[in-house]
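**Q** Dock chain V against chain U, hints included.
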Amino acid sequence: MEKNIKKITGAESVIKVLLEEGVDVIFGYPGGAIMPIYDALFDYKENINHVLVRHEQGAIHAAQGFARATGKIGVVFATSGPGATNLITGLADALIDSTPLVCITGQVSSKLLGTDAFQETDVIGISMPVTKWNIQITKAEEIPSAMAKAFYIAKSGRPGPVLIDITKDAQFEITEFFYKKCTKIRSYHLKTESTLADIEKAVKLINQAQKPLVVVGQGVILSGAERELLAFIEKSGIPIASTLLGLGAFPNHHPLYVGYVGMHGNYAPNIKTNECDVLIAIGMRFDDRVTGDVSRYAKQAKIIHIDIDASEINKIISVDVPIQADAKEAINKLNSLIEQRYHLSWLQEFRECEKIEVETLNKTETSLPENQLKMDEVVQALSKLTKGEAVVVTDVGQHQMTTARYYQYNQTRSNVTSGGLGTMGFALPAAIGAKLGVPDKQVIAIIGDGGFQMTLQELGTILQSKIPVKIIILNNRFLGMVRQWQQMFFEKRYSFTEMVSPDFVALAKSYGIEAKKLEKREGLEDELRQMLNYQDAYLLEVMVAKEENVFPMIPTGASVSEIRLS
Amino acid sequence: MEKVFTLSVFTEDKIGILNRITIIFTRRHLNIDSITASESEIIGVFRYTIVLKTNEEQIRKVLGQIEKQVDVLKAFVHQDSEIVHQEIALYKIKTDSLSNGEVEKVIRENHARILTVDTLFMVIEKTGHTVETQLLFEKLKPFGILEFARSGRVAVSKPMKELSTYLKELEQSN
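If you read the protein sequences in the order shown, they are chains U and V. Going by this note's numbering, 434 is the number at position 434 of the first sequence; the sequence numbering is gapless. Going by this note's numbering, 39 is the number at position 39 of the second sequence; the sequence numbering is gapless.
Here chain U stands alone, though its shape is the one from the complex:
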C-alpha cells in the first residue's frame, strides 16, 4: 500500500477530487443531505470559490454560463429533494446545448432510500433523460472513481451534464483517498468512424463546387477549431454562415461571413441554403429552428455533415458525405487537401440579399412610433461600443433573436444563450457564471422583462459575491415573442402576454446594484457607455417599442426559402 494514502471522509474526498480536477469555482446551495460536503468545503475556502446562489436553478445556469465562457467544466452543489429537482431545467438545457457540467447532489442516507424519507427524491430516475450520465453513490470508497468518470464523460466527445448523487452516509464514511484521472471507459465510444475515403469525397465536392455554403455550429467552439475554420474558409473561399450557438466561432466582421441561419436568422444564408450546390455543415445538428420544413431543406445540394456525435448524422437530414469526427480533426484534414479558390460572384449574391434585408427591415421599422426605441438600435449601439468583444449573454425571446442578428460577435465564446431548450430565466445566472469565468472580459446580460423576472432572485448573488456583471433589460411590457406569434398567427388575440413589471431600477438598487432607466433614444450611447465603464454591477432598463416584431422570420412549417422580411 502506498504511504500517501490518507483516511478521510467521503465528503472531504469530494472536495479533494475537485481540486485534483482543477476546479476553482462551485455554484451551489446547501441543505440537509449535502451538509457533510459543505462542512468539508469550509476547510478549503481558500482553494475553491463557492458562489452561494439564491435558487438551485440559478446555480446550474451560472455553471452553464461559466462553462460556455471558459470551455471548462461547470460544477454545481445542491441538496437532495427540491434542491436536486430544481436542477432539472438546467440539466435539460445543458444536455441539448452540449454544455459540460458536473452536478453533485446530496441524498438521504442509503438505508432510507426508497422510503419517502424527508427530502428524498429519485433524482437518478428524474435526471436520467436529461443527463449524459448519472450515478448514485452509497459508499465513500466509490466517490473518487465515480467522480473521475464524471469529469471525463462531461468534457469528452460531445460534452454534456453529468450528475452524481451521494448519500449522506457515504459522505460521512471514512475512506482511503486515492485519485486517478479517468482516461478511458470501455463502453464509451469516442472512436470516430470517418475514413480517409469520406474526407476525399468531401474534398472532391468542395473543390468542384460552384455555389458552396458552410454552416457552422457550436461544435467548432467545443472542439476549439476556430483557427482551423478560419484557415478553411480563407483557403476554400466559401461563404460561411452560423447557427445561433455557432455565433462567435467565426469573426462576424470577416468578408466571407454571411450571417446566421434559422427562424430569425439573416435573409441571405437562409435563402441561399436552398440555392447552394454543396452544403458543408460543421458541428451543428440541423435543429428544426435551422431547417424549417426539412422536406424542402437544401434538396438541391450535396451535403457534407461533420459531427462528433454519430447519432446526429442522418438524424434529421440525409447527408451525402457523413464525417463522424471532431471538428478540428476533420477541418485539419480538409485543409491539407482543398484547393485555394474564390467564389466572388456567388458571394456577391449574398451581399445583394443582405441589401434587400436591410432595406426592407428599415422600411418596416418606420411603421413603429418614431419616438420609441427599437431593440436593434440598443444592440447595434452596444455592439459598436464594445467592438463586438464583450461576452453577451442572452435570455430567450425577441431580445435574444435581435441580439443574435445585430451583435457582431468577433470572438469565440462570446455568445452565451439558451439555444436548444429555450430557457427563459437563463441569462441572469448564466452571466454571473460567465463573469466569474472570464473576469477580465466585459460580460453583458441582455434580457427581456419576462425572462428577467424568472430568475431575478440572483441579483442577491450579484450583491453577495460582488459580481460586476452588466444587465440590460429590454422592456417592451410584453412577452414579446409570444405576442408576435399571437399577432401573426392567432388574430392578434393577446392571450396573457401583456406584462406588468415592478420598478426594476428600485429593485436593483435594493440589492445595492447601480441602475438606470432609459425611455428615449436621446442618450442611448451615453447611458450604455456609463454602464460599460461602471466598475461594479449595473442594470440598465431600456423601454422599447411595445409591439416591435422580429424579422426576418421563417414561419413554422415553412421552408427556408420562404423567409419573410415583413
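Hints in this document: simulated from the structure, not taken from any laboratory. Here a beta-carbon is modelled for each residue, glycine too, at the ideal position from N, C-alpha and C. One should not assume that every hint holds.
Straight-line distance between alpha carbons at most 27 Å, and here's what the computed DSS-like set of lysine-lysine pairs gives [unchecked claim]:
(1) Lys168(V) - Lys149(U)
(2) Lys299(U) - Lys61(V)
(3) Lys74(V) - Lys191(U)
(4) Lys181(U) - Lys168(V)
(5) Lys509(U) - Lys466(U)
Ranges of calculated distance between the beta carbons of each label pair, as one might list FRET restraints [unchecked claim]:
(6) Ile42(V) - Ser145(U): 19 to 25 Å
(7) Gly22(U) - Glu171(V): 25 to 31 Å
(8) Thr26(V) - Pro439(U): 40 to 46 Å
(9) Ile42(V) - His254(U): 48 to 54 Å
(10) Ala37(V) - Ile8(U): 36 to 42 Å
(11) Val358(U) - Leu18(V): 54 to 60 Å
(12) Ser495(U) - Val131(V): 49 to 55 Å
In silico contact screen, one side only, chain V against chain U (beta carbon under 8 Å); selected entries [to be verified]:
(13) Arg20
(14) Ile23
(15) Gln65
(16) Val72
(17) Leu170
**A** Relative to the frame of chain U, chain V by itself:
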C-alpha cells in the same frame, strides 16, 4: 412501413441502464412489445433483447441513441430472418380437464410438455414463436385456462462475429 425488429443491446452491469434504454423509446412514443434481460456469454456484460414494431428509419435513429449511452457497449438491430429466436409460454389448467383425452392430444400435436401435475391444476410448457404459443393457447382455451404467461423473446444472431471480438475492438479503439 412497420416491421418487427429485434434489438440486441449489450451493456455494462450498471444500475439504471435499462431505464436509460427504455427512455429512448418513450421519447419517440414507441411501444416495446417485449423485453428480456440476461447476462451474456461474457461475465459482467448484460444483453437486452427488445422487440418492437416500427419503421426502418425510426429504428436506425433509436439504435444510434442507444449506442450513444455511456454504459452501452454495442447494440444491433435485426429482422426476424437474421436471428434465431424463441419464447416460452406456461399454461395452467385444471387437472380434471385431462379426463377425456382431448388435452393429451393437444399437448402431443403441439409438442408441448407437462411441467407439473397437482391434484387441482397442472402446468403445460410450450417453447416456440409467438404464433405457436398462441395457437396452443387457442386450443387449450375450451378446457379453461386458469393462468397464462408468455416470456419475451430471446434471440441470438446468425452472423458468426462474436461479442468478445467487438469488445476487443472497443477496448483497442477508445
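**Q** Against the range 25 to 31 Å, how does the distance between the Cβ atoms of Gly22(U) and Glu171(V) compare: consistent or not?
**A** holds (28 Å)
**Q** Is it true that the C-beta distance of Val358(U) to Leu18(V) lies inside 54 to 60 Å, as the hint says?
**A** holds (55 Å)
**Q** Is the straight-line distance between the alpha-carbon of Lys74(V) and that of Lys191(U) 27 Å or less?
**A** holds (13 Å)
**Q** Is the hinted pair Lys168(V) and Lys149(U) satisfied, with a Cα-Cα distance of at most 27 Å?
**A** Given pair Lys168(V), Lys149(U) holds - Cα atoms ~21 Å apart, limit 27 Å.
**Q** State, for the Cβ atoms of Ile42(V) and His254(U), whether the hinted interval 48 to 54 Å holds or is violated.
**A** holds (53 Å)
**Q** Using the beta carbons of Ile42(V) and Ser145(U), state whether their distance is inside 19 to 25 Å or not.
**A** Given a distance of about 22 Å, which is inside 19 to 25 Å, the answer is holds.
**Q** Could you tell me whether the CB distance from Ala37(V) to Ile8(U) stays inside 36 to 42 Å?
**A** With Cβ atoms ~38 Å apart, the hint holds.
**Q** Below or equal to 27 Å on CA atoms is what counts here, so check Lys299(U) against Lys61(V).
**A** Since the Cα atoms of Lys299(U) and Lys61(V) sit roughly 21 Å apart, the hinted pair holds (cutoff 27 Å).
**Q** Given the hint of 49 to 55 Å, is the C-beta distance from Ser495(U) to Val131(V) inside that range or not?
**A** holds (54 Å)
**Q** Under 8 Å is the threshold here; is the Cβ of Gln65(V) close enough to any Cβ of chain U for the hint to stand?
**A** With a minimum Cβ separation of about 5 Å from chain U (threshold 8 Å), the hint on Gln65(V) holds.
**Q** Verify the interface restraint on Arg20(V): the C-beta must sit less than 8 Å from at least one C-beta of chain U.
**A** Since the shortest Cβ distance to chain U is 6 Å, the answer is holds.
**Q** Given the hint that Lys509(U) pairs with Lys466(U), test it: the Cα-Cα distance must not exceed 27 Å.
**A** holds (14 Å)
Every hint from the earlier list agrees with this structure, and none is contradicted.
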